[in-house]
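Peer 1: Sequence:
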Amino acid sequence: MLEYAHCLDIPDKIRQNSIIVELRAAGNDILSWTNDIYSFPVEDSRAHLHNFVFVTMHNNRVHLQDAVDYVYQRIQSRVREYSALKAQLPSFGPRLDRYTAQYVQGIEYIIQACNEWCFLTPRYLGNRAKEVKETGVVELQPPVTIDEII
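Once you know that position 80 of the sequence shown is 80 in my numbering, the rest is easy, because the numbers rise by one and skip nothing.
Among the hints, erroneous ones may be present.
What the hints assert, rightly or not - Okay, the calculated beta carbon distance ranges per label pair:
(1) HIS48 <-> GLU131: 21 to 27 Å
(2) ASN127 <-> SER77: 28 to 34 Å
(3) VAL42 <-> ARG95: 30 to 36 Å
(4) ARG74 <-> ASP12: 28 to 34 Å
(5) SER91 <-> ASN115: 28 to 34 Å
(6) GLN73 <-> GLU131: 23 to 29 Å
(7) GLN73 <-> ARG24: 17 to 23 Å
As the list claims (entries may be wrong) - Below, a list of computed lysine to aspartate or glutamate pairs in the DMTMM-like style, where the Cα atoms sit at most 20 Å apart:
(8) LYS86 <-> ASP12
(9) LYS133 <-> ASP12
(10) LYS13 <-> GLU3
(11) LYS133 <-> GLU116
(12) LYS130 <-> GLU116
(13) LYS86 <-> GLU3
(14) LYS86 <-> GLU22
(15) LYS133 <-> GLU81
If you're looking for bench data, these hints aren't it; they were derived computationally from the structure. In this text, a Cβ means the ideal position worked out from N, Cα and C, and glycines have one as well.
Construct the entire structure; sequences and hints are all you get.
Peer 2: Dropping the structure here:
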């Protein structure tokens, strides 16, 4: 989708480059795990357990806030890894470097767009999206316990 949106014809030698592959994976992790934090209230209310926060609660036997903190720390770690990988991008030549830079920037745009979308739509945070964006606080009623998800 990224290549199509930017009208990029990325050669296989770039697409399959180990740094590009890892940048894509890191970008996907950052996007997905962030979405799991935002979507938790809705998934909690529907008993949907396919969420990194729920998995962390279950596997680590921790309470909700500890699970969210853990997921957030993992996101921050992946952001640092992404930045380090980006700094290691090899040159593919002047013409291809331009396309590579657009491709990598596109990964970053997708992450940011999904992040912003969570606050522009009522899907996850309802009419409290602006408040949650400003405070970073989501109140859940009633709180989820580990025993309820096992």
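Peer 1: If a hint holds in the structure, say so; if it does not, say that too.
Peer 2: Hints, verified against the model:
1. As the Cβ distance of HIS48 to GLU131 is approximately 24 Å, the hint placing it in 21 to 27 Å holds.
2. Range check, ASN127 to SER77: Cβ separation about 33 Å, and the 28 to 34 Å hint holds.
3. For the hinted restraint 30 to 36 Å between VAL42 and ARG95, the CB-CB distance of approximately 45 Å leaves it violated.
4. Taken as a hint, the range 28 to 34 Å holds for the pair ARG74 and ASP12, whose Cβ atoms sit roughly 31 Å apart.
5. Between SER91 and ASN115 the Cβ separation comes to about 30 Å, which falls inside the hinted range of 28 to 34 Å.
6. Checked against the hint of 23 to 29 Å, the pair GLN73 and GLU131 passes, with Cβ atoms roughly 24 Å apart.
7. The supplied range of 17 to 23 Å is met by GLN73 and ARG24, whose beta-carbon atoms lie about 22 Å from each other.
8. For the hint linking LYS86 to ASP12, the alpha-carbon distance of about 18 Å falls within 20 Å, and the restraint holds.
9. Distance check on the hinted pair: LYS133 and ASP12 sit about 39 Å apart at the alpha-carbon level, beyond 20 Å; violated.
10. Proposed proximity of LYS13 and GLU3 is supported: the alpha carbons are some 15 Å apart, at most 20 Å.
11. As the CA atoms of LYS133 and GLU116 are separated by approximately 10 Å, the hinted pair is consistent with the 20 Å bound.
12. Distance check on the hinted pair: LYS130 and GLU116 sit about 11 Å apart at the alpha-carbon level, within 20 Å; holds.
13. The hinted pair formed by LYS86 and GLU3 meets the criterion: a straight-line CA distance of about 18 Å does not exceed 20 Å.
14. A C-alpha spacing of about 10 Å is found between LYS86 and GLU22, which places the hinted pair at or below 20 Å, so the restraint holds.
15. Proximity of LYS133 to GLU81 is assessed by CA-CA distance (about 25 Å); at most 20 Å being required, the pair is judged violated.
When held up to the earlier numbered hints, the structure conflicts with 3, 9, 15 and fits the remainder.
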